[in-house]
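Engineer: Throw the hints in and build the complete structure from the sequences for me.
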Amino acid sequence: MDELRLSAVVNEADRCDTISSIVVIRKLVPGDARAYREVRLNALKNDPGNYGSTYEEESKRDKLAFETYIETQCPDHVVFGAFQGSDLVGITSWFRDERSRLRHRGKITQVYLASEFRGRGFSKLLVGATIEDAFSNLEIELLTLEVVTTNLPAVRLYESLGFKTYGVFERYFKTGAEYLDQRFMVLARP
5 MDELRLSAVV
15 NEADRCDTIS
25 SIVVIRKLVP
35 GDARAYREVR
45 LNALKNDPGN
55 YGSTYEEESK
65 RDKLAFETYI
75 ETQCPDHVVF
85 GAFQGSDLVG
95 ITSWFRDERS
105 RLRHRGKITQ
115 VYLASEFRGR
125 GFSKLLVGAT
135 IEDAFSNLEI
145 ELLTLEVVTT
155 NLPAVRLYES
165 LGFKTYGVFE
175 RYFKTGAEYL
185 DQRFMVLARP
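The opening residue of the sequence shown carries number 5 in this note's numbering; numbering runs sequentially from there.
The hints are simulated quantities; they were obtained by calculation from the structure and are not laboratory data.
For glycine and all other residues, C-beta sits at the position ideal for the given N, C-alpha and C.
Don't take each hint at face value.
With a straight-line cut-off of 25 angstroms between C-alpha atoms, the simulated SDA-like cross-links for lysine to any residue are [what the hints assert, rightly or not]:
id, residue 1, residue 2
1, Lys178, Ser57
2, Lys31, Lys67
3, Lys49, Lys128
4, Lys31, Lys49
Label pairs and their calculated CB-CB ranges [stated by the list, open to error]:
id, residue 1, residue 2, range
5, Arg160, Pro34, 21 to 27 angstroms
6, Tyr59, Pro157, 33 to 39 angstroms
7, Gly35, Arg103, 27 to 33 angstroms
8, Ser90, Glu174, 38 to 44 angstroms
9, Pro52, Arg160, 18 to 24 angstroms
10, Arg122, Leu142, 31 to 37 angstroms
11, Ser140, Ser90, 24 to 30 angstroms
12, Glu182, Gly35, 28 to 34 angstroms
13, Arg107, Lys168, 17 to 23 angstroms
14, Thr169, Gly35, 16 to 22 angstroms
15, Glu143, Glu61, 41 to 47 angstroms
Structural biologist: This is how it looks when you write it as structure tokens:
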């Protein structure tokens, strides 16, 4: 998939309204690495409870792991972006495990969309493009992902795309005295 130009509905009551400009969903290329870093760090800062990494940890790194994968165009570590004009407004990634007995699986990570674009269908399009790309590799039979159980919009999104819950890890994340549970989900190749 080279590029997907999309518009999505602004509100459910009036399906004739669309956002004023086209959103482009595509794989990130080396020239996007800096914008990726900015969006990824914003995700960690704006929605800290949704990720295992923290802004404080990641912002100290010279390069984020997926920045390197974007720059080298690693086929087993792919990042997609949602662009409005030249602005990167959302990301998601998938990667394939390097261990031989796990090479039939991919994992979706780092799903994020800027708050002003949420609720318009862009997350579904972004994650859908990522799923399509992962399953275009015929060796990938399963895709997994993890989501904090309190992130109900994300849980509903993943369920709408066919993901099934296969477990919940209670007290998975801990920040101070607060715990968050993590839902583990899987999607089999159609």
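Engineer: Now look at each hint and say whether the structure bears it out.
Structural biologist: Cross-check of the supplied hints:
Restraint check for Lys178 and Ser57: the C-alpha separation of about 12 angstroms stays at or below 25 angstroms, so the hint holds. Only pairs whose Cα atoms come within 25 angstroms are accepted, and Lys31 paired with Lys67 is accepted, the gap being roughly 19 angstroms. A threshold of 25 angstroms between alpha carbons decides the hint, and for Lys49 with Lys128 the separation of about 22 angstroms falls inside it, so the pair holds. Among the hinted pairs, Lys31 with Lys49 is consistent with the structure: their alpha-carbon atoms are about 23 angstroms apart, no more than 25 angstroms.
In this structure, Arg160 and Pro34 break the distance hint of 21 to 27 angstroms, their C-beta atoms being roughly 34 angstroms apart. The beta-carbon spacing between Tyr59 and Pro157, approximately 21 angstroms, falls outside the hinted interval of 33 to 39 angstroms. Distance hint check for Gly35 and Arg103: the Cβ-Cβ separation is about 31 angstroms, which falls inside the suggested range of 27 to 33 angstroms. Remark: the range hint 38 to 44 angstroms for Ser90 to Glu174 is upheld by a beta-carbon distance near 43 angstroms.
In this structure the hint that Pro52 and Arg160 lie 18 to 24 angstroms apart at CB holds, the actual value being about 21 angstroms. Remark: the range hint 31 to 37 angstroms for Arg122 to Leu142 is upheld by a beta-carbon distance near 33 angstroms. At roughly 27 angstroms, the beta carbons of Ser140 and Ser90 sit within the given window of 24 to 30 angstroms. Distance hint check: the CB atoms of Glu182 and Gly35 are about 39 angstroms apart, inconsistent with the given range 28 to 34 angstroms.
Arg107 and Lys168 have their C-beta atoms about 22 angstroms apart, which keeps the hinted 17 to 23 angstroms range intact. Hint check: Thr169 to Gly35, Cβ distance near 38 angstroms, so the stated range 16 to 22 angstroms is violated. Look at Glu143 against Glu61: about 32 angstroms separates their beta carbons, and that is not inside 41 to 47 angstroms.
Violated hints for the displayed structure, listed by number in ascending order: 5, 6, 12, 14, 15.
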